[in-house]
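Start from the sequences, fold in the hints, and give me the full structure.
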Amino acid sequence: MNDFRVEDLHGIHAILYALFDGEERLDRAAMRRQTEICLASGVHGMAALGLATEAAKLNERERMAVMDWVVEDTAGRVPVALTIFGASIEEQVRQARHATAAGADWLILQPPMVGQYSAAEYIRFFGRVADRTDLPLAIQNAPALMGRGLTAADIRELVRQHPNIRLVKGEGPVVDIAHLIEVTEGQLPVFNGRAGLELLENLRIGCRGLILAPDSIDLAVRAYEFFCDGWDEHAEEEYRRMMPGVVFTMQGIENLICYGKRLFGERAGIAIHDRAPAMRPTSIGLDMTRRYATAMGGFPE
Numbered sequence: 020m021n022d023f024r025v026e027d028l029h030g031i032h033a034i035l036y037a038l039f040d041g042e043e044r045l046d047r048a049a050m051r052r053q054t055e056i057c058l059a060s061g062v063h064g065m066a067a068l069g070l071a072t073e074a075a076k077l078n079e080r081e082r083m084a085v086m087d088w089v090v091e092d093t094a095g096r097v098p099v100a101l102t103i104f105g106a107s108i109e110e111q112v113r114q115a116r117h118a119t120a121a122g123a124d125w126l127i128l129q130p131p132m133v134g135q136y137s138a139a140e141y142i143r144f145f146g147r148v149a150d151r152t153d154l155p156l157a158i159q160n161a162p163a164l165m166g167r168g169l170t171a172a173d174i175r176e177l178v179r180q181h182p183n184i185r186l187v188k189g190e191g192p193v194v195d196i197a198h199l200i201e202v203t204e205g206q207l208p209v210f211n212g213r214a215g216l217e218l219l220e221n222l223r224i225g226c227r228g229l230i231l232a233p234d235s236i237d238l239a240v241r242a243y244e245f246f247c248d249g250w251d252e253h254a255e256e257e258y259r260r261m262m263p264g265v266v267f268t269m270q271g272i273e274n275l276i277c278y279g280k281r282l283f284g285e286r287a288g289i290a291i292h293d294r295a296p297a298m299r300p301t302s303i304g305l306d307m308t309r310r311y312a313t314a315m316g317g318f319p320e
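Under the working numbering, think of the first position of the sequence shown as 20, with each following residue one higher.
Among these hints, one or two may not hold up.
Claimed, not checked - Listed next, the in silico SDA-like pairs over lysine to any residue satisfying Cα-Cα at most 25 Å (straight line):
(1) Lys76 / Ile108
(2) Lys76 / Gln135
(3) Lys76 / Asp293
(4) Lys76 / Ala297
(5) Lys76 / Ser107
(6) Lys76 / Ile289
(7) Lys76 / Arg294
(8) Lys76 / Arg113
(9) Lys76 / Gln270
(10) Lys76 / Pro300
(11) Lys76 / Pro296
(12) Lys76 / Asp87
(13) Lys76 / Tyr141
(14) Lys76 / Ile272
(15) Lys76 / Glu42
(16) Lys76 / Glu109
(17) Lys76 / Arg51
(18) Lys76 / Met132
(19) Lys76 / Arg299
(20) Lys76 / Tyr136
(21) Lys76 / Val133
(22) Lys76 / Phe267
(23) Lys76 / Asp46
(24) Lys76 / Ala295
(25) Lys76 / Glu43
(26) Lys76 / Asp92
(27) Lys76 / Gly284
(28) Lys76 / Glu91
(29) Lys76 / Val112
(30) Lys76 / Ala290
(31) Lys76 / Arg116
(32) Lys76 / Ala121
What the hints assert, rightly or not - Computed Cβ-Cβ distance ranges for the label pairs, DEER-style:
(33) Gly271 / Arg151: 28 to 36 Å
(34) Glu256 / Thr313: 12 to 20 Å
(35) Ala139 / Arg259: 38 to 46 Å
(36) Cys247 / Ala139: 38 to 46 Å
(37) Pro192 / Gly41: 37 to 45 Å
Simulated from the structure, these hints should not be mistaken for laboratory data. Where is the CB? At the ideal position from N, CA and C, for every residue including glycine.
This is the structure we're talking about:
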């Protein structure tokens, strides 16, 4: 977006699923349709290549293609964030440069998914990547899902050293996110995720918004907008509508990819195919998915 400012970021942002065809190839048409559904639902931002996008299963060429697609399909209507995945500094810098050339508005840095290292090592890693890009950056801090992360004090130090790191993408309980906001003195915009668990409580403690996979994105947008308008009862009603599906899908990242993606597919009328290795759905799980999709209804056109 030509008028993009970090200070203006807010609301519900959609993080895209990786949608494959029956031959396990990325499905360009399905990916475009997914973006269209999110935009029609009123999202305040688009994102791709996080955990929900199964970036670890995509090769570098595919990750770059997804970057190009989401920017093209969003067409400047809302800000676009792209997550940078890579096992080395050079790989992450290469991905960041492609994301910048594609037209991303901001980037989310993930810790490399190799080994287990000290906080000081991750701070140095993130810092060396940050020093080689001019775009605003966020740190994805999801220790429960990724097995590695930083404390609130670590993040405060990282931001002090590298001023273009300007946001945090969290994946944690409200009490943990509240502590992060307190330690960083509310100066660092924080977006939570976790499929929308504790959505309204996140907003009440000062989160700028949430970045969510699209299976219940329309309900999350309505809950957010009702909350901002002071219509708390309406916000709670929309949150209650999405909660059974959220609790069902958000029981681990593989569960989200298996059933959250299928919940989206049921609501969107898109066939879902897995790329191996993958968690495979059970008949009970599919019955539950269909029931939740029926209760939520279809997406807005």
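Exercise for the section: Quickly compare the C-alpha distance for Lys76 and Gly284 to 25 Å and report which way the hint goes. Expected result: Given that 25 Å is the threshold and the Cα spacing comes to 20 Å, the pair holds.
Problem - Hint consistency between Lys76 and Val133 [alpha-carbon to alpha-carbon, up to 25 Å] - result: 14 Å, holds
Practice task
For the pair we were handed, Lys76 and Val112, check the Cα-Cα distance against 25 Å.
Solution key: At roughly 19 Å apart (the allowed maximum being 25 Å), Val112 and Lys76 satisfy the hint.
Practice task
Measure nothing beyond the straight line between the CA atoms of Lys76 and Pro296; if it is 25 Å or shorter, mark the hint as holding.
Solution key: 9 Å, holds
Problem - Restraint status (C-alpha distance of Lys76 to Gln135 at most 25 Å) - result: This hinted pair holds, its Cα atoms lying about 20 Å apart.
Exercise for the section: Could you see if the CB distance from Glu256 to Thr313 stays within 12 to 20 Å? Expected result: 18 Å, holds
Problem - 25 Å limit on alpha-carbon distance, applied to hinted pair Lys76 and Glu91 - result: 22 Å, holds
Practice task
For the pair supplied as a hint, Lys76 and Arg294, confirm whether the alpha-carbon distance does not exceed 25 Å.
Solution key: 8 Å, holds
Problem - Pairwise hint evaluation, Glu42 against Lys76, where the allowed Cα distance is 25 Å at most - result: 14 Å, holds
Problem - Pairwise hint evaluation, Arg51 against Lys76, where the allowed Cα distance is 25 Å at most - result: 20 Å, holds
Exercise for the section: Decide if the proposed pair is consistent with the structure: Lys76 and Ile272, CA atoms, cutoff 25 Å inclusive. Expected result: Holds, at roughly 13 Å.
Practice task
For the pair supplied as a hint, Lys76 and Met132, confirm whether the alpha-carbon distance does not exceed 25 Å.
Solution key: Holds, at roughly 12 Å.
Hint compliance for this structure: no hint is broken.
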